[in-house]
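Residue numbers (our numbering), protein chains in the order written: chain A, 1 to 157; chain B, 1 to 157.
Simulated from the structure, these hints should not be mistaken for laboratory data. Hints may be right or wrong, so weigh each one.
When chains are identical, the list treats them as one kind, so a pair holds in a single copy or across two.
In the DSSO-like style, the derived pairs of lysine-lysine whose C-alpha atoms are separated by at most 30 Å in a straight line are [stated by the list, open to error]: (1) K59 to K31; (2) K59 to K117; (3) K136 to K70; (4) K20 to K66; (5) K20 to K117; (6) K117 to K31; (7) K59 to K20; (8) K70 to K20; (9) K31 to K53; (10) K136 to K78; (11) K109 to K136; (12) K117 to K35; (13) K59 to K109; (14) K70 to K109; (15) K66 to K78; (16) K59 to K35; (17) K53 to K79.
Protein chains: 2
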Amino acid sequence: MADEALFQFLHSELIQYIYKSGGSGETENGKRVTKLETMGFRVGQGLIERFTKETPRFKDELDIMKFICKDFWTCLFKKQIDNLRTNHQGIYVLQDNSFRLLSQLSAGKQYLEHAPKYLAFTCGLVRGGLSDLGVKSVVTAEVAGMPACKTLWQGCS
Amino acid sequence: MADEALFQFLHSELIQYIYKSGGSGETENGKRVTKLETMGFRVGQGLIERFTKETPRFKDELDIMKFICKDFWTCLFKKQIDNLRTNHQGIYVLQDNSFRLLSQLSAGKQYLEHAPKYLAFTCGLVRGGLSDLGVKSVVTAEVAGMPACKTLWQGCS
Numbered sequence: 001m002a003d004e005a006l007f008q009f010l011h012s013e014l015i016q017y018i019y020k021s022g023g024s025g026e027t028e029n030g031k032r033v034t035k036l037e038t039m040g041f042r043v044g045q046g047l048i049e050r051f052t053k054e055t056p057r058f059k060d061e062l063d064i065m066k067f068i069c070k071d072f073w074t075c076l077f078k079k080q081i082d083n084l085r086t087n088h089q090g091i092y093v094l095q096d097n098s099f100r101l102l103s104q105l106s107a108g109k110q111y112l113e114h115a116p117k118y119l120a121f122t123c124g125l126v127r128g129g130l131s132d133l134g135v136k137s138v139v140t141a142e143v144a145g146m147p148a149c150k151t152l153w154q155g156c157s
Numbered sequence: 001m002a003d004e005a006l007f008q009f010l011h012s013e014l015i016q017y018i019y020k021s022g023g024s025g026e027t028e029n030g031k032r033v034t035k036l037e038t039m040g041f042r043v044g045q046g047l048i049e050r051f052t053k054e055t056p057r058f059k060d061e062l063d064i065m066k067f068i069c070k071d072f073w074t075c076l077f078k079k080q081i082d083n084l085r086t087n088h089q090g091i092y093v094l095q096d097n098s099f100r101l102l103s104q105l106s107a108g109k110q111y112l113e114h115a116p117k118y119l120a121f122t123c124g125l126v127r128g129g130l131s132d133l134g135v136k137s138v139v140t141a142e143v144a145g146m147p148a149c150k151t152l153w154q155g156c157s
């Protein structure tokens, strides 16, 4: 439990640090989200490199996605993705009903506007992980009510 | 292993981010080290709060220090402190012969000048943890050769 908390606390500190400086306009906020996403991307790449050292090759995109939903998500957040849907045309929707990095915020809609900064790093993690597995993608996230989170992954390859 | 790597990678990203901006003078570097230390302090406080919820009260300072060397260090770095010495007058020296956050750097003396930025957050972690246990302290670290690290903890209470 405590080492999971270590990541959560450090993640919060990083967000606070990035959001402390500079202006508060939409452009500024966009830049911050991009920074967090880029950091997540690099970390995701590094993690997948270590994590898949002993893993046999993946059969196809669906196989990769199952790995992300089960093994990768469990490694990151100690739980699997709760629901996975796809349109079989390269779009995948991963739903986590109790996303760990939102669990520090109050449940409900009160702090909904703060959600994007808590999601950006993880979007980057997924995009970086996928990139290292040879899948170029766009990863976005949405929250309708805390602490549930949907991650939309759109393949670009 | 992978969740430990998650913390290590995020820690590296944070350092890179903090060191990317601003000047390169000694004052600037000092400020950066302080920032990292302060972040570590807050994370250390949070961790100890969670970690000691179920722990019985500590008998004395030595008891606290044993907890830091064993349980806290293991939670952070998956290993115990290798050596602990004290002058019995409030100074404790904790030695880790293979400090995880230095293991990414090459062994030897080549990158010794970069060591302080990889130690500051952890000094803060220890100081924050101790502070939450009622011990005011000054925590410094020194490296004679990678990846060994000595943490000097001087009680101030």
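Checking K109 and K136: alpha-carbon separation at most 30 Å within a copy, between copies, both or neither? Answer is neither: 33 Å inside a copy and 40 Å across each miss the 30 Å cutoff.
Within a copy, between copies, both or neither: where do K59 and K20 come within 30 Å Cα-Cα? Intra 44 Å, inter 40 Å, cutoff 30 Å: neither.
Measure nothing new, just compare the shortest in-copy and cross-copy C-alpha distances for K117 and K35 to 30 Å and report within, between, both or neither. Both ways: K117 and K35 sit 10 Å apart in one copy and 21 Å across, limit 30 Å.
For K31 and K53, with the copy left unspecified, which applies at a CA distance of at most 30 Å: within, between, both, or neither? neither (33 Å within a copy, 39 Å between copies)
Tell me, please, which holds for K53 and K79 at an alpha-carbon limit of 30 Å: within, between, both or neither? Both: 22 Å inside a copy, 23 Å across copies.
Intra/inter-copy verdict for K136 and K70 if alpha-carbon distance must be at most 30 Å: within (20 Å within a copy, 43 Å between copies)
Copy assignment of K20 with K66, given that the CA separation must stay at most 30 Å: Answer is neither; intra-copy 37 Å and inter-copy 36 Å both fail.
If the cut is 30 Å between Cα atoms, do K66 and K78 qualify within a copy, between copies, both or neither? both (16 Å within a copy, 29 Å between copies)
Can you tell me if K59 and K31 fall within 30 Å by alpha carbon in one copy, between copies, both or neither? neither (36 Å within a copy, 50 Å between copies)
I want to check one pair: K70 and K109. Are their C-alpha atoms no more than 30 Å apart within a copy, between two copies, both, or neither? The answer is within: 28 Å in one copy meets 30 Å, while 41 Å across copies does not.
Is it within, between, both, or neither for K136 and K78, if the alpha carbons may be no more than 30 Å apart? within (26 Å within a copy, 34 Å between copies)
From the Cα coordinates, with 30 Å as the cut-off, is the pair K20 and K117 best called within, between, both, or neither? both (13 Å within a copy, 21 Å between copies)
Checked against the numbered hints above, the structure violates hints 1, 2, 4, 7, 8, 9, 11, 13 and 16; every other hint is satisfied.
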